[in-house]
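Asks: Please arrange chain S on chain X, whose structure you already have, making use of the hints.
Line by line, the protein sequences are chains X and S. In terms of the UniProt record's numbering, the first sequence opens at residue 1 and continues consecutively. In terms of the UniProt record's numbering, the second sequence opens at residue 1 and continues consecutively.
It is worth saying that the hints were derived from the structure and are not from the lab. Please note that a few of the clues may not be correct.
Since the list gives no way to pick one copy over another, a pair counts as held whenever it fits inside one copy or between any two copies.
Taking lysine-lysine pairs in the DSBU-like style, the calculated list, with each CA pair at most 35 Å apart, reads [claimed, not checked]: (1) Lys-235 with Lys-218; (2) Lys-196 with Lys-276; (3) Lys-276 with Lys-46; (4) Lys-5 with Lys-92; (5) Lys-218 with Lys-208; (6) Lys-196 with Lys-245.
2 protein chains.
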Amino acid sequence: MAQVKNKQVIFKDYVSGFPKESDMIIVDSTITLKLPQGSNDVVLLKNLYLSCDPYMRNLMGNPEHSFNPRAYTPQSPLAGYGVSKVLESGHKDYKEGDLVWGFTNWEEYSIVPAAQILFKIEHTDVPLSYYTGILGMPGMTAYGGFFEVGTPKKGDNVFVSAASGAVGQLVGQFAKLHGCYVVGSAGSKEKVDLLKNKFGYDEAINYKEEQDLDAALKRHFPEGIDIYFENVGGKTLDAVLLNMKLNGRIPLCGMISQYNLTQHEGVTNLAHLIYKRIRMQGFVVVDYYHLYAKFLEFILPHIREGKIVYVEDIAEGLEKGPAALLGIFSGHNIGKQVVVVARD
Amino acid sequence: MAQVKNKQVIFKDYVSGFPKESDMIIVDSTITLKLPQGSNDVVLLKNLYLSCDPYMRNLMGNPEHSFNPRAYTPQSPLAGYGVSKVLESGHKDYKEGDLVWGFTNWEEYSIVPAAQILFKIEHTDVPLSYYTGILGMPGMTAYGGFFEVGTPKKGDNVFVSAASGAVGQLVGQFAKLHGCYVVGSAGSKEKVDLLKNKFGYDEAINYKEEQDLDAALKRHFPEGIDIYFENVGGKTLDAVLLNMKLNGRIPLCGMISQYNLTQHEGVTNLAHLIYKRIRMQGFVVVDYYHLYAKFLEFILPHIREGKIVYVEDIAEGLEKGPAALLGIFSGHNIGKQVVVVARD
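Just chain X, with the same shape it has in the complex:
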């Protein structure tokens, strides 16, 4: 059986502090495009689109010093969400030619347990790459986090950090659709323009140009914030806590500003949670995947009618993956960062 080249992004070793491109190595390995005889419950995938997500930083840390048990294995390929095509299936639910999204490896071809596939892709009139974003994990994150954890009401004042990112851009649009007043923060003029002109945020803050985030929040939320959709943590959270309204909610989606710090910034204003009866609640998207069919029913018509838009930042080629992934930690990306391995 002929072997083919299988380019891979190898995770070199555990990272502390800010990861570097040299923490990942591009390797040309080979693979036989055939499942070994008797392979049950595994699938052979051709990976098409790979997703760059903040949580991946946590998987790079030494699990001995981290709270994430699913850390990457040094000298093995990086892994993450992706869109793939099934080349061969050892599992009854999948067959050759199926398009799927789920957890795969950062390489051209992967043999993975079928259980790593989350959903078969049924709708292909929208860009396939959307299944790494608006129709994939980040979309479900925004949906579960905003609607289920945030419990929004019409007229609520909503603040979103990392507001043009893979999740944030959707939270802002969901909030507008729900009749909320929405302000987002991001780290460049270009992103702030996107927030206001593309995603429909009522107001936008360039946090890099604000000397005093507390003052900026008071300017935009004179009556306070009902829902803070938390993507960044640290100083931003501390400023937000001073501006929450009674009975506010803080869905904790991520704390990207903290992931590369050896010692996280201290949050000093937690006592505000008490008198204002605020619910601050961590959540993980996997707890909401059972809502995926309902989510698609909600979002696909909005996409088709142009009522919800999605901005992607596309890196062409697996070899661009490491730089693309690192870029999301410095805010280099504009919108959802995707790596294209192949288009079909």
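Replies: Relative to the frame of chain X, chain S by itself:
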């Protein structure tokens, strides 16, 4: 109309940092024990028992720098929860001789709006002082915070800080009654003994003798904590966050370790809330007073049968009030700190 002496504890001026006895002044004023003609909706009270509670520290701060709008007025009496006898009533719901508990002033006699009375005292076979504690605000705080916010399940692992305090000693006993495993922390050998031998905590930690609270928690909770009933904040919260279990709950009752700090300690481990899907929720007892009748039905039989006990630290005389109040911030009190103004 004859005037009588009315001893008062006057709040001198806004406090920053740790309050001192000299921030409060004992004054002998006078009062006419008769409501002015045409006084509607006010009552004349003889104060019997006054309650020393941590939240009072927040009312001492300058409201310009604080988030509590009900700050004390300099040169006026201190105020707080208390048990009083109605001497004269301008309100139809109360009459002379009624025993009541609610918000009153730190003085022998007070004329206050009847709306400051929370409940008429119907059961006097238990100590009257209990209505500043187990049958008053702290009791309802423990009840609402543990059962309504903490949503305990049988078998849950529960950790309580300030565990022998007015609220903590009840949370521990409620948790045991509910079939939970309960560990408390307190700051002296005497308190630790109380926790284990009087309140029925499974284990107790003397936090002043632990070099490493994280290690102590891991020792007592090898499988992690389901509910952390938060009374202290700061470093304790940070250590607890490392030891929470999946889907844990953290009812935020108070953060007494922080109230006298000009700059609160930074909490660095909040990211643990995310992956573990933890709900950290501030609450205020007033949101649970509608459950008071149900609460009495639950707790009175337990008190009468000796199945729930309550330890009080009694200061005799209003002039002992300032020292008693300050004592709760240095952990001087053993159990609920009460000031006796008069016994009937």
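Asks: If any of the earlier hints don't hold here, list their numbers in rising order.
Replies: Every hint satisfied by this model.
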